[in-house]
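Peer 1: Listed here are the chains, written in short residue letters.
Protein chains: 2
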Amino acid sequence: MGISLQQFNQLQNRVGGTGRKERADQDPVKRPAKPVARVILGVDPSLRGTGYGVIRVAKPFPETLAHGTVTCPADWEHSRCLVKTTQTLRELIREHQPTICIIEGLFFAQNLKTALIMGEARGAALAVIAEAGLEIYEVAPRKVKQAIVGYGAAQKIAVAKMVQRMLQLAELPAPDAADALALALTHSLENSAYAFSDPKRV
Amino acid sequence: MGISLQQFNQLQNRVGGTGRKERADQDPVKRPAKPVARVILGVDPSLRGTGYGVIRVAKPFPETLAHGTVTCPADWEHSRCLVKTTQTLRELIREHQPTICIIEGLFFAQNLKTALIMGEARGAALAVIAEAGLEIYEVAPRKVKQAIVGYGAAQKIAVAKMVQRMLQLAELPAPDAADALALALTHSLENSAYAFSDPKRV
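So the sequences go chain by chain: A and B.
Residues in the first sequence are numbered consecutively from 1, following our numbering.
Residues in the second sequence are numbered consecutively from 1, following our numbering.
For the record, the hints were derived by calculation from the structure and aren't laboratory data.
Where a beta carbon is used, it is the ideal one built from N, C-alpha and C, also for glycine.
Treat each hint with caution, since some may be false.
Mimicking BS3-like on lysine-lysine, the simulated pairs with C-alpha atoms at most 27 Å apart in a straight line are [what the hints assert, rightly or not]: (1) K113/A / K143/B; (2) K84/A / K143/B; (3) K84/B / K59/B; (4) K113/A / K200/B; (5) K113/B / K200/A; (6) K113/A / K161/B; (7) K113/B / K156/A; (8) K113/B / K84/A; (9) K84/B / K200/A; (10) K143/A / K113/B.
A few chain A residues that face chain B, going by a derived Cβ cut-off under 7 Å, partial list only [what the hints assert, rightly or not]: (11) L65; (12) A130; (13) G133.
When you get a sec, could you build the whole thing from the sequences and use the hints?
Peer 2: Have a look at this one:
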C-alpha cells in the first residue's frame with residue numbers, strides 16, 4: 001500500500017508536468033522558497049455529512065493529523081446539524097491550528113432546495129472557520145479530481161484510493177473524509193513549484 | 001402615528017377573525033394560559049444585509065428592544081460577511097436574551113447561485129442562534145405579510161408602515177429590519193389566542 005518518494009514525485013508530476021529535480025537542473029537561479037502553509041484544513045460541507053481532513057505539509061509526503069465525517073441523523077433539525085458541524089470544526093481548529101482552509105467550491109446543485117441546504121452547511125462552516133482566523137480558498141471538485149487522480153470526472157472511490165496512497169494511510173478514508181483530504185492535498189500541491197493556478201479566496 | 005389599544009385589538013382580529021372579548025363570552029371554560037415567549041428574535045438573513053429585530057411581548061403592544069441591519073460592502077468576501085453577521089447576532093442574543101427565534105422561511109430563489117448564497121447566510125445564522133439555545137421556527141414571507149398587513153402579496157413598504165404602527169416606533173424601520181420585526185410580531189400573534197397554525201421548527 002505504501003508508495004516510495006519516487007512514486008510520490010511521479011504523482012506530483014501529473015499536476016505540473018515536470019519534476020522538482022528536472023526543474024532545478026533547468027533553472028539554476030535560486031528562487032526564494034514560496035511560503036507554504038504548514039497545516040491545511042480541507043472541508044467538504046454538507047448538512048448531514050460534512051467531511052473534514054487536516055494535513056501537515058511534510059517530506060516525503062504530508063502527515064495526516066485528522067480526518068472524518070460529521071454525521072447527523074435524518075430526523076435532526078437543520079439548526080442542530082449545523083451546530084454539531086460548527087462545533088466539530090471549531091474543536092478541530094483549536095486542536096491542530098491550521099492556518100489555511102480549502103473548501104469545496106461552488107457547483108451546480110440539482111435544484112433550488114438542494115442548493116439552499118448545501119448553502120446552509122457551507123455558510124455555517126465558513127463563518128466558524130473565518131472567525132478562527134483561517135484564510136479560506138475554494139477549489140472546484142473537478143479541479144481536485146484532476147490534481148489528485150489526473151482526471152476531472154474521476155469516481156469518488158478513485159479519489160479515496162489515491163488519497164490513501166498519497167498520504168500513506170493504513171485504511172481507505174471514508175468518502176466524505178477522502179474528499180476533504182483531497183482538497184487539502186490539492187492545495188499542498190498548488191502551493192508547491194507545481195502550482196497551476198491561483199485559488200479563489202472566499 | 002400611535003394606535004390605541006382598541007386599534008391594536010382590531011389588528012389582531014385580522015389574524016384570528018374574532019376578538020379576545022367575544023371569544024371569552026362564547027367559551028366560559030377557563031383554559032390555561034398558553035406559554036408566551038417573553039423575548040422574541042426575528043431574523044431575515046441575507047449575505048450583505050441581514051435584518052434583525054428583538055421584541056418583548058407586552059400590553060398594550062410589544063416593546064421593541066432592538067432592530068437593525070447587518071450591512072456588508074459588496075467587496076467583502078463571503079466568509080467575512082458571515083462572521084460579521086454571526087457576531088452581531090451572538091452579541092444581540094447575549095444582550096437581550098431572547099428564547100425564541102423566528103427566521104424567514106424557505107422560498108424560491110431566482111437561480112441556483114442565489115439560492116446557494118441565501119443558504120450561506122441562513123446557515124451561518126441558524127448555527128449561531130441554535131448554539132445559543134434558542135428555539136427556532138421558520139415562517140414563510142407570504143404568511144408574515146398576511147398576518148401583519150392582511151394581504152400575502154403586500155409591498156415591503158406596507159409591512160414596514162404596519163410594523164411601525166403596531167410597535168409604536170417613532171421612525172419607519174429600515175426595510176430589512178422591518179421584515180425581521182414583522183417575523184417576531186407574527187410569532188407573538190401566533191402564540192396568542194389568535195394562533196392560526198403551528199410554526200415549523202428548523
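Peer 1: With reference to the structure, classify each hint as holding or not holding.
Peer 2: So, going through the hints one by one against the coordinates:
Restraint check for K113/A and K143/B: satisfied, since their Cα atoms lie roughly 19 Å apart, inside the 27 Å limit. As the CA atoms of K84/A and K143/B are separated by approximately 30 Å, the hinted pair breaks the 27 Å bound. Restraint check for K84/B and K59/B: the C-alpha separation of about 34 Å exceeds 27 Å, so the hint is violated. Restraint check for K113/A and K200/B: the C-alpha separation of about 16 Å stays at or below 27 Å, so the hint holds.
A C-alpha spacing of about 16 Å is found between K113/B and K200/A, which places the hinted pair at or below 27 Å, so the restraint holds. Annotation: proposed proximity of K113/A to K161/B is violated, straight-line Cα distance about 32 Å (limit 27 Å). Among the hinted pairs, K113/B with K156/A is consistent with the structure: their alpha-carbon atoms are about 24 Å apart, no more than 27 Å. In summary, the hint linking K113/B to K84/A is supported, as the alpha carbons are separated by about 26 Å, within the 27 Å threshold.
At most 27 Å may separate the alpha-carbon atoms for a hinted pair to count; K84/B and K200/A meet this at roughly 21 Å. With a CA separation close to 19 Å, the supplied pair K143/A and K113/B stays within the 27 Å bound. Interface hint at L65/A: violated, since its Cβ lies 22 Å from the closest Cβ of chain B, which is beyond the 7 Å cut-off. Interface hint status for A130/A: upheld, as the beta-carbon distance to the closest one in chain B is roughly 4 Å, under 7 Å.
For the restraint placing G133/A at the interface with chain B, the shortest Cβ-Cβ distance is roughly 10 Å, beyond the 7 Å limit, so the hint is violated.
Hint compliance for this structure: hints 2, 3, 6, 11, 13 are not met, and every other hint is.
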